[in-house]
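Engineer: Chains as they are written, first to last, in my numbering: chain A, 51 to 318; chain B, 50 to 373.
Read the hints as simulated data drawn from the structure, not as lab findings.
Careful, some of the hints might be misleading.
As the list claims (entries may be wrong) - Cβ pair distances, simulated, as ranges: (1) A:182 to B:212: 45 to 51 Å; (2) A:202 to B:352: 44 to 50 Å; (3) B:260 to A:142: 15 to 21 Å; (4) B:243 to A:302: 29 to 35 Å; (5) B:147 to A:298: 36 to 42 Å; (6) A:248 to B:144: 48 to 54 Å; (7) B:198 to A:83: 37 to 43 Å; (8) A:142 to B:354: 52 to 58 Å.
Stated by the list, open to error - Taking lysine to any residue and the SDA-like style, the derived pairs with C-alpha atoms no more than 20 Å apart in a straight line are: (9) A:159 to B:251; (10) A:159 to B:244; (11) A:131 to A:177; (12) A:159 to B:250.
Given the structure is predicted, the values throughout are model-derived calculations rather than measurements.
Just so you know, even glycine gets a beta-carbon here, dropped at the ideal spot from N, CA and C.
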Amino acid sequence: MLAPSAPAIPADGIQLDRGALSAQHLQVFYGRKQALFDVDIDLTPHTVNALIGPSGCGKTTFLRAINRLHDLTPEARVEGKILLDGIDIYDRSIDPVDLRRRVGMVFQKPNPFPTMSVVDNVTAGLRLTGVRHRGKLQEAAERALVQAALWDEVKDRLRQPALRLSGGQQQRLCIARALAVEPEVLLMDEPTSALDPQSTARIEDLLGSLKQQVTVIIVTHNMQQAARISDTTAFFLAGSLVELGPTDAIFTNPSDPRTEAYVTGRFG
Amino acid sequence: MKFPRVQTVLTVIAAVIPLALLAILLFLGSYAWPAIRFNGLGFLFKLTWNLGNLYANPVTVAGQVVPRGAQYGILVFIAGTLLSSAIALLLAVPLSIGIAVFLTEAVGGTLRELLSFVVELLAGVPSVVYGLWGYAVLIPLVAHQIGPFLRSALGFLPVFAGSVGSGYGLLTAGLVLALMVVPIIASTLRDALLHVPIPLKEGAYALGATHHEVVREVMLPAVRSNLVAASILGLGRALGETMAVLMVSGGALNYLPHNIYSPVTTMAAFILSQLDSALTDPTGMAVRSLAEIAVVLFLISLLVNLVARLLIWQTERRSRVAHG
C-alpha cells in the first residue's frame, strides 16, 4: 500500500476543493460501550451538512471524531478512517494539533476565553501558531469578525473583555475565533441551542456565506433549522447512519421509513 | 413578628466569630494601651529593643511608669517578618503552581489521589517538626552549600553578597516557611484547576492548542483569583509562624538584615522568645510592648487578608458583569 500523500496544492495557494471529508467504517467506543457503528459518509466541500437524530444517536460522537477530540478522553477509542482531502486523519503521521487547526469547532454553549479581550479571543488560534505581527493579527481579526457578522457590533469594543458581549455575540465570537485560523472544515455542535431566536436567526443567516470558506458540519436538534440551513442532511439513529441525502429529499421524500418517522415527528 | 427559631440560633452562632475577632482585638488593644501611649509611633520605626535597667527605680515618662532607659522599637522584627514571608512566597508560589499543574494534568486516578493526599498531609505536620528539620538539615546546607553557591552565582547583587554566616537567618527561615505554605497553596490551586470548565479546555484544544498551551493560556489564567487567594492564605500562615522560624532565624536584635543570609527575628518568634525576660520587668511595660507587637501583627494579617479579598472581589465582579 502506498503511504498517504498530500494532494497537489497550486502554488498560489488557492485550494477550491479543500475541505472534502469522508468517513470509512468509522466506529467509536467509550470503554466497552460502542457509540458509533460502521459509519460511511461522503461530504462535498463547501456545503452545509446537518446531522440530525434523537439524543444519544451518535451525531455529536461523529462530530468529535472529525477533529480528534476523542483523543482527550482516555477511555474513548476510534476505529476506521476519516479522510480529509484524501488523507486519513487517524494516520500515525497526523498530529492532532495540526489537524485541529484545519478543522475548527463551535460548541453548544459559547465558550470564549474569559480572561481575554474580544480581539484576543479571535486571534488566539493564530497566536498559538506563532503569529506575533500586530498588523497581521489585527487584519485577521477584522476579517474573521466580518465573516462571523460581528464586526459592526464590536469594532469599537475590541479591547473589552469577551464576556461583556451578549450570549449570541459570544457565540459569533467563537465562530470568528474558529474562522481566524482559516480552517477547511467547521464543526458546529448545536451552536444555537443556548441562544434566543434572534441570535439563532443571525447565526443561521451566516451559514450560507460561511460555506464559501469552509465545509460546515452542524449537529442540530431542531429539524426546521436543518431544513432551513443545510444542503445535505444525515440522519443518525442508535449509533448508525441511517440515511444521507440532499436536505430536500430527506425532509420530503426519505427513502428509509425510520427517517420518515423521525422527520415527521413520530419519535425523537 | 415571627422570627424562625432555627434562624435565630444560626444567626447567634454566626455572630460568634466576628465578635470573637473584635474581642481579641479589643483585649489586646486595651492590654497594650499603656505601651502604645509610651512608645508612640516610634515603636514601628526604631531599631532598638531595650528593656532598660530593671533593678533601678522606674521613671515616669508620658504618664507611664517604665524602667529607666527602656526603649521599644520593632522595625527589625517587622522587617524580618515581611522579608522572610516574601522569600517564602517567592519560592512557594512557582513551586505550588508546578505541583498543582502536575497533579491535575500529568497524573490521574489513584496516583493523583494518593499524591494529593501526601501534599495535604504536609500541611498538617506540626511546625516544630519543620523547625527541627530546618535546624538539623537546612542550616548546614545553607551554610556550606546553598549560601556559598548563591554568593558565587548571584554575588553581583548586594542582596546575595557578603558573609554567608552560620546558616541561621533570613534565607533559611524563608525556605522553611516556603515548605510550610506550599501544601496550602498547591492543594487550593489543584482544586481550582480541577474545576476549570471542560468546554473551556475543549475550546482551546479545538483551536489547535497543545496540552501545554491549554494549561498556560487557558487554565492558569482562569484560576488567577484562586492563586491570589491561595497565596494570601499561605502568606497569612507565614506571617504568623512562630516556632519553626524561631528555631532557624538566628534571633537578630537591634540589627537590620544586610543580606539574604543575615540573622533575623520575626514578630511572632520574638514574642515567644522574649516573654520570659519581659516578665521580669516589674513595671509590666515590656509585656505590654510585646502585646503591642501582637496588635501590629494582627493588623498586618488583617490588612493582607483585606487586600486579598479586594483583589478577588475585583476579578469576580469583572466576570460577573460579563455574564450579566
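Engineer: Check each numbered hint against the structure and report the violated ones by number, ascending.
Structural biologist: Result: hints 4, 5, 7 and 11 break, sorted rising.
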